[in-house]
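Peer 1: Residue-level listing of the chains:
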Amino acid sequence: MQKIKHHHIGPQKSEAKLSLFTHFHLNQPFFSLAALCFLFFVLPCLAAEDTTELLGDGDDGNRSCPVHNIRLLDDEGEKIILDDDLIMPFSLRNTCGTCHNYQKISSGWHFNSADPAQTSAGRRGEPWVWVDFNSRTQIPLTQRGWPGTYKPTQMGLSPWNFLLKFARHTPGGNFGEINDEDDQDMLARGELSGRLEINCFACHHADPRQDQSEWALQVARQNFRWSAAAGSGLAQVTGSVSSLPDGYDIFMGAASDDPSVKPPKVAYDKTRFQEKNKVFFDIVREVPARRCYFCHSTQKVSGGCVDRENADEDVHLKSGLTCVDCHRNSIDHAITRGYEGEAAAEKKDSSVETFTCRGCHIGNDGLAGKPGQPGRGRLGAPVPKHVGLPTVHLQKISCTACHSGPKPTSEPAVVKTARIHALGLHGKHSLNEPLPLIYSPVFVRREGKIEPHKLMWPTFWGYLNEDKITPIPPDQVNDFAEDVLSEGTLDDSATWARITPEQITQTLELLAPEEEKANLGSPVYVAGGNVYQRDKAGKLITIEHPAAQPYSWPIAHDVRPAAQSLGAGGCDDCHQTDSDFVFGQVPVDSPLAASAATTRPMHSFQKLDGTHMWAFAASFVFRPMMKVVGFAVSALLLAILLLYGLKGLHRILSGREQS
Amino acid sequence: MLVMVVHFVAFRKKTIATSTPARKPLNKWLKLICSLIFLALILSFITLAGTGFYAAVCLDRPLTGYPLMLHCTAAPVFMITLALAAMISVHSFRFEKGDFSGLKRVGPGSKIFFWLAILAAPAVILSIILSMLPIFGTHGQEFLYHAHRYSTLIITTAGMLLIYLRITSVKAKYTVSD
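Taken in sequence, the protein lines are chains A and B. FYI, the numbering used here numbers position 408 of the first sequence as 416, with every residue one higher than the one before it. FYI, the numbering used here numbers position 92 of the second sequence as 939, with every residue one higher than the one before it.
Any given hint could be a false lead.
Said to hold, decoys possible - Below, in silico cross-link-like pairs of lysine-lysine (DSS-like), each with a Cα-Cα straight-line distance of 25 Å or less:
no., chain 1, residue 1, chain 2, residue 2
1, A, K655, B, K958
2, A, K436, A, K173
3, A, K404, A, K415
4, B, K944, A, K655
5, A, K457, A, K415
6, A, K393, A, K635
Claimed, not checked - Quick look at which bits of chain B chain A covers, simulated, 3 or more residues with Cβ under 8 Å:
no., region
7, 926-934
8, 973-985
To be verified - Here are a few chain B residues that face chain A, going by a calculated C-beta distance under 10 Å:
no., residue
9, M916
10, A922
11, P923
12, E989
13, L991
Hints listed in this document are in silico derivations from the structure and should not be mistaken for laboratory results. Glycine included, C-beta positions come from ideal geometry on N, C-alpha and C.
Using the sequences plus the hints, can you model the full thing?
Peer 2: Right, here's the structure in full:
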């Protein structure tokens, strides 16, 4: 287990205080008592999180955003002056941190995944996916510990290697500011590359020159210290830390005879520097949607309407809202994710429940009447009538099932996401990975409600020990079996290089641990919902295991207009014997050729009985007839009541007259 | 159920007055058809009540799954047989002078429960049929759902008591008071 030491952001006040005490005679009773008091009462306060509210934190009541003509500071806290001999890139931690509490911000959802102890993981979400073509691996990773995912550290990914693989689509922070004593690469290269600080500009810089693709390129070059400056559009950065040998002095900038050694250099746009070396940045409180899109885009690659000109944006954005109108946060950057139960799951204030679909459109019963709680219709949200929809649907199905994501078809669409497939990197640095295949929407039952998910099938090698499968890093698999696995044909209809059962058998044999490591377990291959292992005779068999189950995460966007929701066309949208919602077929993605055409029915993910759903859907044919019969019978009974009622009344009245 | 038990114990032996005129005996085929209608009515009624109250009382949640399908299958049978049974029986169940003095072939209790059931039936039927139409929103659907629940409670109670009284009055026909 790697030890991760968390870098304490801020001055090491506790250490300074302790050193003073070494001058005192601690064997003196008075000083011993004082020392104990200090240890128990003062130290914890000093070591506690710095919650000081700085100039730019809080709310002075004015809704306009201050104009940011600011002086730039480098990562040593020195001012950036263009006349200096060595010009360094600006550090947003020190520049923005002058007015905004950086430590408080770093505890936010976008920056805390490396230290999940800071917050609850909450509802599972989109993972990182490590794809290795040769070993036929695609495995979901996250440090948050969501069920069905694996931690990068479990896969042998050090914080340094994680950054090089995935930091392209992050706003910085996370592993970029972690000190891992066991990470040799970080120790060797960290001084050269600098820290990958939180890139405030990734969200809050409205200038159209803000280029996250450039930022990602600099990260890939290990130019962590330079990445924010390069991405801001204020500077151009050349060279790369990756070309520098270990031990190179980045601050002295010593010239090298080796042409391949190109230390990074930053060249600022001097025309943008004002007198006193201040620079104007178009900083906004309300993050524009295009900033969010760099990491949170989804591209449909199959299933119709795949071209941008035919794809529609979320109806909320088209109506004038922005992402941050719902996904809000205060200075702590604990951004609202917007799902029901978030307050309890992530230990947030109950007011976050007002930012769910129900909170804006219908109102939260639990918060009704509480002072300051907005009711339904928030931000102009239309209040749905849901005419003709029995209320059981609202209990068993989430709002997003009918209103969000691609409209269901006979097979869910294959989609790509910015973070998993590295979308949005332009020019020759474009990656646009083909794998993993992610299917959407797949309707999955989670916590009693059916909701739309994106879904992928984990594929990886591992060791099965008792009931637990521990994944093997792809690098290790390739070390053992590269020759065996490198044979394969690329199927034109897929992106996997197909693997044969013989290759699996041979690889499992090669991966079998030696006697002294027998406690690792037996090697297995997880693919296509199955676990493959060798039996005692050496033959390949399949077993069932939860690790082979697909990993899925709920989606909420893009929201379709009401007229395009499920049910807008009547009950038949879902209650039909061939409805896509219930009977759609979800492909099982597997590198095995034999499993290429395997599918699973949608209702299996909803934990519904397919036979019952088919019979229930078939009965809907008779509903129009039943409505006619119902009205006719009711009319007849009311006629009987009326007739005999009037007759009875007549007899009563005529009886009275006679008497 | 308690009321039926108490009533049965208290009024086991009854005399039956013969003031109502003898009815013309029915054609055997008509008799058979009427019997089948009443049998279908009772069976569908039992199915509907059984599935409905099972979900409400035992599961404490809305009816779903195969019991719901059974409920929906029995419903049209119940509706049609109820209408036919009502047409067949309505004349016998009309209130008459002296209904509450002495015992009749069809006692006043039966008539009260008959008309109560006929009154509740349109509410039972319409509350569920109207929910299938795109007319009512969420609040309306909730109202219709509760209306269906409470009207079925009324019709079930009235129906059970009616059946009970009819059975006991048939038994009493063969009892001669001393």
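Peer 1: Now, for every hint given, state plainly whether the structure supports it.
Peer 2: Hint check results:
{"no.": "1", "hint": "K655/A <-> K958/B", "in the structure": "16 Å, holds"}
{"no.": "2", "hint": "K436/A <-> K173/A", "in the structure": "17 Å, holds"}
{"no.": "3", "hint": "K404/A <-> K415/A", "in the structure": "19 Å, holds"}
{"no.": "4", "hint": "K944/B <-> K655/A", "in the structure": "13 Å, holds"}
{"no.": "5", "hint": "K457/A <-> K415/A", "in the structure": "19 Å, holds"}
{"no.": "6", "hint": "K393/A <-> K635/A", "in the structure": "22 Å, holds"}
{"no.": "7", "hint": "926-934", "in the structure": "holds (count 6)"}
{"no.": "8", "hint": "973-985", "in the structure": "holds (count 11)"}
{"no.": "9", "hint": "M916", "in the structure": "6 Å, holds"}
{"no.": "10", "hint": "A922", "in the structure": "7 Å, holds"}
{"no.": "11", "hint": "P923", "in the structure": "5 Å, holds"}
{"no.": "12", "hint": "E989", "in the structure": "6 Å, holds"}
{"no.": "13", "hint": "L991", "in the structure": "9 Å, holds"}
No hint from the list above goes unmet by this structure.
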